[in-house]
Structures are given as structure tokens and as C-alpha cells.
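Number of protein chains: 2
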Amino acid sequence: MNKIITIGREFGSGGREFGRRLAEELGIEYYDKEIITAIAEKTSMSQEYVQEVLEGKPHTLYPITIGQSMLIQDNFYIQQEQSIYLAQSEIIRELAQKSSCVIVGRCADFILRDLKPYRIFVYADMDSRIKRCISRSTDLEKHLTEKEIKKQIIKIDKNRAKYYDYYTGNEWGDKSNYDLCINTTDLVIKDIVPAIAKML
Amino acid sequence: MNKIITIGREFGSGGREFGRRLAEELGIEYYDKEIITAIAEKTSMSQEYVQEVLEGKPHTLYPITIGQSMLIQDNFYIQQEQSIYLAQSEIIRELAQKSSCVIVGRCADFILRDLKPYRIFVYADMDSRIKRCISRSTDLEKHLTEKEIKKQIIKIDKNRAKYYDYYTGNEWGDKSNYDLCINTTDLVIKDIVPAIAKML
Chain A
-12 MNKIITIGRE FGSGGREFGR RLAEELGIEY YDKEIITAIA EKTSMSQEYV QEVLEGKPHT
48 LYPITIGQSM LIQDNFYIQQ EQSIYLAQSE IIRELAQKSS CVIVGRCADF ILRDLKPYRI
108 FVYADMDSRI KRCISRSTDL EKHLTEKEIK KQIIKIDKNR AKYYDYYTGN EWGDKSNYDL
168 CINTTDLVIK DIVPAIAKML
Chain B
-12 MNKIITIGRE FGSGGREFGR RLAEELGIEY YDKEIITAIA EKTSMSQEYV QEVLEGKPHT
48 LYPITIGQSM LIQDNFYIQQ EQSIYLAQSE IIRELAQKSS CVIVGRCADF ILRDLKPYRI
108 FVYADMDSRI KRCISRSTDL EKHLTEKEIK KQIIKIDKNR AKYYDYYTGN EWGDKSNYDL
168 CINTTDLVIK DIVPAIAKML
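Line by line, the protein sequences are chains A and B. Numbering-wise (my numbering), the first sequence opens with residue -12 and increments by one. Numbering-wise (my numbering), the second sequence opens with residue -12 and increments by one.
Since the hints were made in silico from the structure, they are not lab data. A couple of the hints might just be wrong.
[Unchecked claim] Result set (DSS-like, lysine-lysine): computed pairs, CA atoms no more than 30 Å apart in a straight line: (1) 162/B x 138/A; (2) 138/A x 134/B; (3) 134/B x 103/A; (4) 29/B x 162/A.
Sequences and hints are given; from them, build the entire structure.
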């Protein structure tokens, strides 16, 4: 049976690095952005659009009084969002059936629940996440203040939580939904990965 | 510097076994019930009484209208509870300064926060905790039904949470207060301990 590891993560906690290194250490596949490319191919939507929808907040129903034109636009958005979620679920299932792998984000822990994946959640305190963001920032991001970075982190995680809660009915980051929760504050990720790999 | 590991745990999750095996694997001291014996010696209270207070719920203030005799009785109980907490804090600090160790429960993560202990929380789903309780039950406990065991587990954890929240101002079991949270559902504890020890 394939070994499937899913990684949920707070933004800036190093979850992606953790997942990539864990896959390397275990000698298994690693999937993250590749899934977006595959969804774009499957749905004939652009990669940018798919990413935007996946990172956006889940649809909120508008009151019926708000006017029909908005409702139509709205319905279209719901349909697209759900097509993307469906395509994503199919792709993730195909990947998990193909070989052992690490999958980062994308509700993979829930989508693959019948395969009993090992579900890891990576988190860290806010200061450490801000520091990590600063150390890895692009030229554009370097112009952001710490306060602005913090605001972005909170916003991104709020969207991740909304998306996860909406599609899974579970609470994002609630430890009862995971097998292992790792706080990466003050940790060098590459130092802990070999031990976690050994455990798995 | 001494390596200090604190273990918080849900009742029935195997946290105590995990702590004991981890200390063995690392070749360091393990403290659990020894602390109660030391508190009893320090406060001249009986071991049973100390244990009772530590496992009981934290004091709730009664409305002032309830009559003086209850207030006096109540004040006495608060004083004793706080003496025990104080003695416990001193003992835990002495132990942590003496040598590297694993300490189970007793708000040790909070009491030793200036020493930056590695804070582990062990948890499991309810079915697995009930099963673990049944497999380790005494002759007396063997007469309890699963429903009764579940009721006891919930009650014990509620008391642990109240005690922890009261003395630390933090939320018991909230992953942001720990460095690692391990779900022991479907796990054989002795199989995972060597990897965790390696990580530490």
C-alpha cells in the first residue's frame, strides 16, 4: 500500500519546506503546485485563475434581494469553484493511487481519508512566521513592513481556514484532525525531518 | 544545560507510557507520581490528600451571600490548594535544575517556561482512549461499562483543563502552547518513541 502523507500548514511556518524535505528523505513523490497545473489542464482554466480561486475565500451566499445580475455572476463563480474542487479531488486521488507521496495543503487529508493518510499540521508563532517570510521575501515583498506582512499572514490563513472548513466540515488546524502537529518556532526544519521520516 | 521535556496528555492517550519510554530512551530522569510524594513531604499533607486536590477542580468563588461558614471552609481549601501548587512549582524547578528529565503533567510546561522546555502534548480519539483504558484496567475498573469509562475520561480531562487554565492562564491542549502534539490513535507507543527521542 502506498504511504500517503498530507501536510496542512500555517502560512510562514515552513510547512512547504518540511513537506519537500520529508518527501526527499523518504524517497517519495512531492506534490504541491503541480496539482494546480494538473487542475488547469483538466478544467481548461488558466493556472492563474485556478490558483486565485483556490486561494480565495469560499463562496458566501448573498441575500436574494441583491439583484439578479449579481446572482448570476455569483452562480457562475460557485460552479467554477466547485468544478475546481472536483478536479482537484480527482487529481489528488489519482496521485495517491499511483505512488507513495507527500501532498501539501488542498484538503488532501480529507479527500484521501479512506486511504488513512498520515496527517501532519505545521505551525509556528507569529513572530517566527514573520521572520521566515522576511528571510524568503521577493524583491517586491521586501518593501512590506512587519505589520503589513502580519496582516497578509492572517488574511491568507483566514482564507485557508474558510476553504478547509467549507469543503471538509472540519476545523482547519484543530489537532484532532491530524496525527502530528509540529511547532516550527525556533526550529531548523532540515534538522528535524530525518527523525520524523524515521517515525513514518 | 539540562534537557527538559514536559508532557501534557489526554487521559487514556498513553501520555504517561510515552513519557516513561522517552525518558528511558534518552537515558534521563522521569518524574510523575514522585512529585506527589515530594509535595506531601514538603507540605506535611498526606499523599492521598495532595493527589485529591491536584486532581480536583480549581476553586470556584461562591457568591458572598452563601453564608460565612462555607466561606471559611472555602478559604481554607483555597489556601491548601495554593500551598500545594506552590510546593509543586518549587519541587518541579528543583528537579529541572538537578538534571535532564521528562515531567508528566502538573503544569510543568508553564512552571518551567523560562528554561524553554520541549513541550509535548499527547492525545487520541475517544474510541482509542476507551480501548486503552479497558486494556489496562484494574479488577475494579473491569466492571465499568464503555459508557461509564467515557464519562470518567471526560470528567478527568475537564478537571485537568480547568486546573491548567486556572494556574497558567493558557488553554490546556491548545497546540500553540506546545512544540509537538502527537495523536496516538492506532499507534504503538513504543514504536514511535525512538524517532521522537532522535529528534530531541
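Structure-based check of all given hints:
1. 162/B x 138/A: Holds, because 22 Å separates the two Cα atoms, which is no more than 30 Å.
2. 138/A x 134/B: Violated - the C-alpha atoms of residue 134/B and residue 138/A are around 46 Å apart, more than 30 Å.
3. 134/B x 103/A: Holds, at about 27 Å.
4. 29/B x 162/A: Roughly 38 Å separates the two Cα atoms, so the pair is violated.
Checked against the numbered hints listed earlier, the structure breaks hints 2, 4; every other hint is satisfied.
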